[in-house]
Each structure stands twice: as structure tokens, then as C-alpha cells.
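Student: Sequences listed follow chains A and B, in order. Be aware that the first sequence starts at 125, since it is given in my numbering, and climbs by one per residue. Be aware that the second sequence starts at 134, since it is given in my numbering, and climbs by one per residue.
No lab work stands behind these hints, which were simulated from the structure alone. Accuracy of the hints is not assured; some may be wrong.
What the hints assert, rightly or not - Result set (DMTMM-like, lysine to aspartate or glutamate): computed pairs, CA atoms no more than 20 Å apart in a straight line:
#1 176(B) x 231(A)
#2 135(B) x 377(A)
#3 320(A) x 273(B)
#4 423(B) x 331(B)
Unchecked claim - Chain A side only, calculated, beta carbon under 10 Å to chain B, not exhaustive:
#5 250
#6 315
#7 319
#8 323
#9 378
#10 381
#11 391
#12 393
#13 396
#14 449
#15 453
#16 457
#17 465
#18 466
Ideal Cβ positions, reconstructed from N, Cα and C, are used throughout, including at glycine.
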Amino acid sequence: MKTWHCPVPPPFSEKVVLAHGEGGKAMRRFIREHISSKLALGSAMDDSAILNLPQKQLAMTTDSFVVSPLFFPGGNIGSLAVHGTVNDLAVAGAQPIAISLALILEEGLEISLLENVLESLRNAAEACNVTICTGDTKVVQRGAVDKLFINTTGVGCLQTKFALSSANVRAGDELIVSGPIGQHGMAVLCAREDLKLVPTPISDSAPLHQECSALLLGLGANLRCMRDATRGGISAVLHEWAMDAQLSMQIDESRIPVSAEVRGACELLGLDPLYVANEGTMLIAVARDHSVRALEVLRQLNPATKAAIIGQVVPALSAPVVIRRLHGALIPVDEPQGAPLPRIC
Amino acid sequence: MKYLDEFRDPQLARRLIDDIQERATRRWKIMDVCGGQTHSLLKYGIESTLENCVELIHGPGCPVCVTAPETIEYAKHLALLPNVIIATFGDMLRVPGFSASEVSQANPPLTSSVCPGSLADARTRGGQIQIVYSPLDAVELATQNPKKQIVFLAVGFETTVPATALAALQAEQLRLRNFSLLVAHVCVLPVMQVLVGDPNCELNAFLAAGHVCAVSGHDIYRALVSESGLPVIVTGFEPLDLLAGIRCAVELLESNNPQVVNCYSRSVSSQGNRFAQDVMATVYKQVDRKWRGFGTIRGGGLALRERFAEMDAEKRFGTILQIPIVHQETCRSGDVMAGRIKPHECEHFGRGCTPDQPLGAPMVSNEGACSAYYRYAPQTKRN
């Protein structure tokens with residue numbers, strides 16, 4: 125026999141209930157007390173945000189965040205939802221202006237947990253100087269999502285007259301990675317599987333808009349392309365560029381920065397950091413002889429940067445991406461195949 | 134990083150390569166038994182660098198590759214039962230079971246639960262499958278889910294056996310009624326004996342897998358060496374480990390001095406890990422087992438002892454699969470793993486068989502020879 129339960133939340137609910145997403149008073153109060161206040165937004169609940177933008181050419185991007193666990197060393201789904209979208213704008217050469225925020229909440233979610241996520245989302249947005257200009261909240265039945273999913277859509281103003289694109293990449297261009305690779309993917313994996321590695325990998329989740337602006341300013345048209353190396357790691361980006369430009373990407377294993385903890389975790393699990401996700405690390409292609417200047421620009425922003433020149437663009441070889449390992453042998457790098465699975469032994 | 138960088142030193146690698154090339158008076162056929170060795174040899178370009186003096190033949194030591202398709206089908210069947218969760222190493226997820234044509238041609242027809250595809254495919258059809266990193270995690274899963282039956286897919290060579298044996302002992306101690314093992318463990322020595330017993334065997338030497346030897350000790354190969362006259366060199370998995378092993382093999386072959394040599398002394402002793410051996414022997418007994426691509430190998434597998442019979446998934450859930458399939462696999466994994474053909478010499482390699490659409494296990498496994506060739510060998514070998 126089915127039992128009925130009242131959908132109206134108790135007055136001091138600590139958990140999200142379906143009524144919080146069903147319009148009406150409970151929803152209005154929930155948004156006011158637990159969402160708008162945490163994000164320091166005004167009380168207006170108009171259907172659209174009106175943006176005043178300084179120029180006509182806009183960049184727009186959208187991304188959904190479903191990371192599990194919600195909190196991991198170096199960040200959480202809130203900060204990630206800002207960094208991911210800001211970085212997609214930044215690497216396209218746009219100055220991020222505003223983002224939307226759509227929340228899909230699972231019935232029964234702890235409200236305190238939601239508030240923690242929103243607080244870090246707000247801090248991240250402030251640090252990136254983007255406004256959270258519009259939003260949406262849905263509550264779905266238990267089991268329909270894993271606690272909390274977030275979608276953010278971002279708009280930004282293009283800072284250049286020339287578009288940054290992988291079509292700009294030329295043979296002879298030099299390849300730079302902006303920091304140690306594989307941090308985010310391994311941090312999330314170790315947290316999700318409770319692997320208890322010491323020291324544990326920490327996510328690189330961070331905004332890249334300042335680095336991108338500085339590179340645009342410092343290198344002008346000698347900056348060919350930038351891409352944040354998220355899912356599929358730097359291998360995925362290199363493959364995209366190679367395919368788009370009909371050239372090959374040649375990298376040198378010994379020059380790719382990988383932290384000891386990521387390297388250790390990858391060795392243990394049989395994973396290759398080239399395929400592991402990043403959330404605050406990008407690949408940069410610059411014209412020949414401009415990589416040193418690019419590194420200077422990055423060092424001015426952060427003297428401790430681990431950015432490194434890792435290779436160059438070459439005329440098409442037998443494989444789109446090749447890596448120099450050990451005694452100079454050039455080995456193809458395969459395109460990522462689905463999620464990396466840890467090996468048996 | 135300690136234990137990694139010193140074994141990947143490019144200058145030392147160069148010296149070893151030169152040394153091997155200098156010593157070899159003919160092109161020796163050396164089998165690297167384990168898939169981990171295969172991947173390192175290709176990943177670091179060692180195979181192609183030594184092509185002129187050593188033919189590296191990649192052996193059957195990939196646990197995922199040799200697991201019989203019946204085991205995969207049985208695991209898929211269990212995963213789709215209500216209240217059963219299959220716990221498995223991630224590697225097993227993409228391994229195909231029977232092919233679509235095998236399923237459709239089965240006579241009598243197979244039950245509806247037997248559909249072509251891998252455990253990952255079964256998961257999309259609602260199968261409950263959980264990736265674990267250690268068999269002990271599966272025991273934990275059982276304690277946390279008392280209303281679910283947790284079946285751990287116990288695959289692998291002597292490298293993983295002690296850990297699954299420990300899981301069985303732990304589950305026994307906890308008196309868990311909802312934990313069982315679907316055992317498909319395999320042993321490495323019997324398959325090496327099968328290979329050298331083949332009258333067409335052209336092998337000159339073996340590189341034995343260091344992690345198996347860390348458990349079993351390297352003395353287990355003495356009889357094989359004296360019977361076959363083939364040297365067995367125990368190696369690790371780093372480039373310098375492998376190069377040192379190959380150099381040793383060439384040295385022994387050139388001086389016609391077959392013996393067991395341990396080139397992985399930082400992990401391996403002659404007697405191995407006694408504690409691990411005891412745990413294995415407490416839980417498992419040696420049995421004949423069907424290997425994918427090889428058929429039944431005498432003494433080639435392990436099964437639970439009587440004391441652990443209740444933990445045997447096949448006893449608990451019944452043997453539903455008397456699959457009446459005549460093996461007509463298009464995949465030539467048996468030829469690849471016995472060293473009869475190189476992965477790229479298979480007519481399906483890179484055409485009908487890719488990591489996205491594998492015909493057989495060696496193309497999907499992290500340790501499979503076909504996947505190593507697909508990933509690391511120059512693209513010319515793909516076409």
C-alpha cells in the first residue's frame with residue numbers, strides 16, 4: 125500500500141524537499157533564505173537579467189557540473205562551476221562578465237551542504253569579477269540526481285579583434301602547458317574512491333582569465349590558441365588541434381610538469397597523466413620563438429608558476445600526437461577512449 | 134620520483150641498448166609473458182629500437198584477456214539479477230563476452246539475459262556493477278549493504294590471488310552471508326609449459342613477470358628451464374628493468390647457458406612471499422581452467438577449497454550457463470597471446486577491431502597486446 129506524505133516542508137527544514145522547487149511561498153522563501161542570501165544577490169526575481177555590455181562581440185559558453193564527490197581536495201562543485209565556465213570564456217579571448225546559475229537539487233539534500241557550495245561559488249565568482257546574473261532552481265525526487273547538479277552559462281566580451289582558434293596553429297608553433305597536469309582528475313578520483321594516498325593530489329581548479337588576458341596583451345597575434353585541458357587531459361586538446369590544423373603535435377615527456385603525488389597515484393593505478401582532467405591548467409600555442417616571452421608573462425603574474433614549454437607543432441607525421449620518451453624514441457599518443465579505467469595489477 | 138626516475142634514465146637505457154645490439158649475433162625471439170611488460174616495451178619504444186636483434190613476442194599474461202567469455206556472461210547475468218551487485222576491477226568492464234553472432238547462432242537459443250556485450254553494456258541495461266580498487270573494498274561493500282548480494286569477480290594471476298584470498302578469509306571471519314566470489318583466477322607456469330610444449334614453439338627465452346615472482350618466488354621456473362632449455366629472466370616493468378632483462382637473456386642465449394636469472398631483486402626472492410603463498414593455499418586449490426583463446430589448460434586455474442564452498446558464486450546462484458557455443462570467435466586472441474602472430478598481423482586489427490569496438494579482450498584491456506600496439510605503435514601498423 126502506498127503511504128502519503130505531506131509535501132510541505134516543516135518550518136525549520138534542514139533538508140531540501142520537493143516543495144522547495146514547486147513555486148509558491150516555500151520556494152520563494154527557500155530561494156531568499158538559502159540561495160540569494162548566500163550569493164549576495166538582490167531580491168528581484170525577474171525572468172531575465174539585463175546586461176550592459178561595453179561592446180558588440182560577445183562570447184558565450186555553457187557547462188554542466190555533476191562531479192562526485194561534491195567536495196574534493198582543492199575545491200568543490202560550486203567553485204568548479206564558476207572556474208569551468210570562466211575558463212571556457214577566457215581561453216576564447218573573452219573577458220568574463222556574467223554567469224547564470226541553474227541548480228538541480230535532489231530531494232533530501234542537506235541545506236547546510238548546499239549553502240557551503242553556494243558560498244564557495246560566490247567567492248569564486250567575486251574573485252573572477254563575474255556577476256551571477258540569473259538563475260533557476262529545480263528540486264527532483266530522491267535518486268533522480270546525485271545530490272546536486274549545477275549548470276552555468278557565461279557571457280564575456282571579446283578582447284581581441286582576431287579570434288583565437290585552433291585553425292591559427294602553424295607548423296613551428298611552440299606548445300606550453302600552464303602548470304602541472306592531471307591534478308583535478310586524480311584529486312577527484314582519490315576522493316571518490318577514498319584512496320588515502322599521502323600526500324593526496326589536490327585539484328588545480330582555478331580561474332585562468334588573468335593569465336589569458338596577460339597573454340593576449342603580451343603576445344598579440346603571436347598567441348595562436350589557448351584551451352583549458354579538461355576531460356581527456358592534454359591528450360584530448362592536442363588531438364583536437366592536430367585534427368583541426370592537419371598537423372602533428374610533438375611533445376617531450378621529460379618537459380611536462382607532473383607533481384609527485386599525481387605521478388605516484390597514476391603509476392599506482394596504471395593511468396597516464398596525459399589523459400587525466402585539469403580544471404585550471406591550459407595548453408597554449410604560440411608562434412615560433414615566442415614561448416620564452418609567454419613564460420615571462422605567466423611568471424609576472426605568478427613567480428612560482430610551473431608553466432613549461434612541452435613541445436612544438438610539426439608537419440603531419442604518421443600520428444596526430446607523438447611523444448618523445450626515454451632515449452629519444454617518438455611514440456604515438458592515442459586519443460582518449462572513454463573514462464580511464466584503473467588496471468588490475 | 135624514487136624507484137621510477139632511476140629506472141627510466143635515458144643515458145643508461147642507451148648504454149643497455151648498445152650493449153644488447155653488440156652482443157646479439159642473431160635475432161632472438163624473446164617472450165615477455167606479462168601484459169604490463171608489453172605495454173612498457175611499446176610505450177617506451179623499446180620493441181622498435183631493438184627490432185634488428187630481438188623479436189619481442191608478447192605472451193598470455195594479461196588476466197583480463199584470458200578470462201573465458203563464459204565468466205563474463207555469468208557475471209553479466211548475475212549483475213542483472215535483483216539485489217545482486219557485481220564488484221570488479223575496472224579493467225574488466227569493457228571486455229566483450231560472446232559476440233552477437235555467437236549469441237544468435239547458439240543452439241538451443243540462449244536465455245534473454247545473455248546479450249552480446251561487456252559488463253559496461255550490462256550496466257546500461259540496469260545491471261548493478263561497482264568498480265573497486267581492492268577485493269577488500271568488495272567485503273566492505275557487503276558489510277554496508279546487508280540486503281544485497283555482493284559478488285566479487287576474482288580474476289588475475291598470482292598477483293591478485295593473495296588479495297582475493299584475504300577477502301575470502303575476512304568475509305569468513307565476519308560471517309558475511311552476502312559475499313561471494315566468482316573465481317576465474319589463472320596460474321602463469323602451466324601456460325608457459327603449454328607454450329614450450331608446442332612442437333612449433335620458436336621461442337628462445339622468457340621474460341617472467343616480476344610481480345608474479347614477488348609472490349611465488351623464481352624457483353618455480355627451475356623445472357621449466359631444465360626441461361625446455363629456455364632461459365627465464367625475471368624482470369620488473371620499468372624500461373631499464375626490461376632492458377636489463379633482455380640483455381641478460383641475450384647474454385645467456387649467446388653463451389648457451391639456460392638458467393633462471395632474477396633481474397628484479399629489489400622485489401623478488403627465490404622463495405617468494407611465504408605469507409601470501411600460505412593465504413593462497415588456504416583458500417584456493419589448483420584446477421584445470423578454460424582460458425580465452427587457449428582452451429582448457431591443465432592446472433591453469435584456481436578454485437575455492439571446500440571450506441569456502443559457500444562463498445562460491447556459482448554454487449550460490451547455480452550454474453545457469455551451459456552455453457552450447459562452438460567457439461568460432463573471429464578474434465584471434467589465442468594466436469596473438471601464444472605469439473603466433475603480432476597484433477597488427479591480425480586481419481581485424483584497426484579495422485573491425487579497435488578499442489571503441491573491440492572483437493576481443495586484448496584490444497580493450499590496459500594490459501592487452503593489441504591495445505598496446507594500437508596505442509603506441511606507429512600508425513603504419515594500424516593500416
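Student: Tell me if residue 391(A) is really an interface residue toward chain B, meaning its C-beta lies closer than 10 Å to one of theirs.
Tutor: 7 Å, holds
Student: So, residue 250(A) near chain B? Judge it on the closest CB pair being under 10 Å.
Tutor: 38 Å, violated
Student: For the hint on residue 381(A), does the least C-beta distance to chain B fall short of 10 Å?
Tutor: It is violated, given that the least Cβ distance between residue 381(A) and chain B is near 13 Å, above 10 Å.
Student: Would the hint on residue 319(A) be counted as holding, given a Cβ-Cβ threshold of 10 Å to chain B?
Tutor: Hint on residue 319(A): holds, closest Cβ of chain B at ~7 Å, below 10 Å.
Student: Take the C-alpha atoms of residue 423(B) and residue 331(B), compute the straight-line distance between them, and say whether it is at most 20 Å.
Tutor: 18 Å, holds
Student: If you take the shortest Cβ to Cβ gap from residue 378(A) to chain B, is it below 10 Å?
Tutor: 8 Å, holds
Student: Holds or violated: are the alpha carbons of residue 176(B) and residue 231(A) at most 20 Å from each other?
Tutor: 48 Å, violated
Student: Quick one, are residue 135(B) and residue 377(A) close enough, alpha carbons at most 20 Å?
Tutor: Given that 20 Å is the threshold and the Cα spacing comes to 17 Å, the pair holds.
Student: Should the interface hint for residue 323(A) be scored as holding, given a Cβ-Cβ cut-off of 10 Å against chain B?
Tutor: Nearest chain B Cβ about 12 Å off; hint violated.
Student: Would you check whether residue 396(A) satisfies its interface hint, that is, whether its CB is within less than 10 Å of any CB in chain B?
Tutor: 9 Å, holds
Student: Close enough to count: is the Cβ of residue 465(A) nearer than 10 Å to one in chain B?
Tutor: At 4 Å from the nearest chain B Cβ, residue 465(A) passes the 10 Å test, so the hint holds.
Student: Should the hint that residue 457(A) touches chain B count as held when the rule is a Cβ pair under 10 Å?
Tutor: Holds: closest Cβ of chain B sits about 8 Å from residue 457(A), inside 10 Å.
This entry does not satisfy hints 1, 5, 6, 8, 10, going by the numbered hints stated previously.
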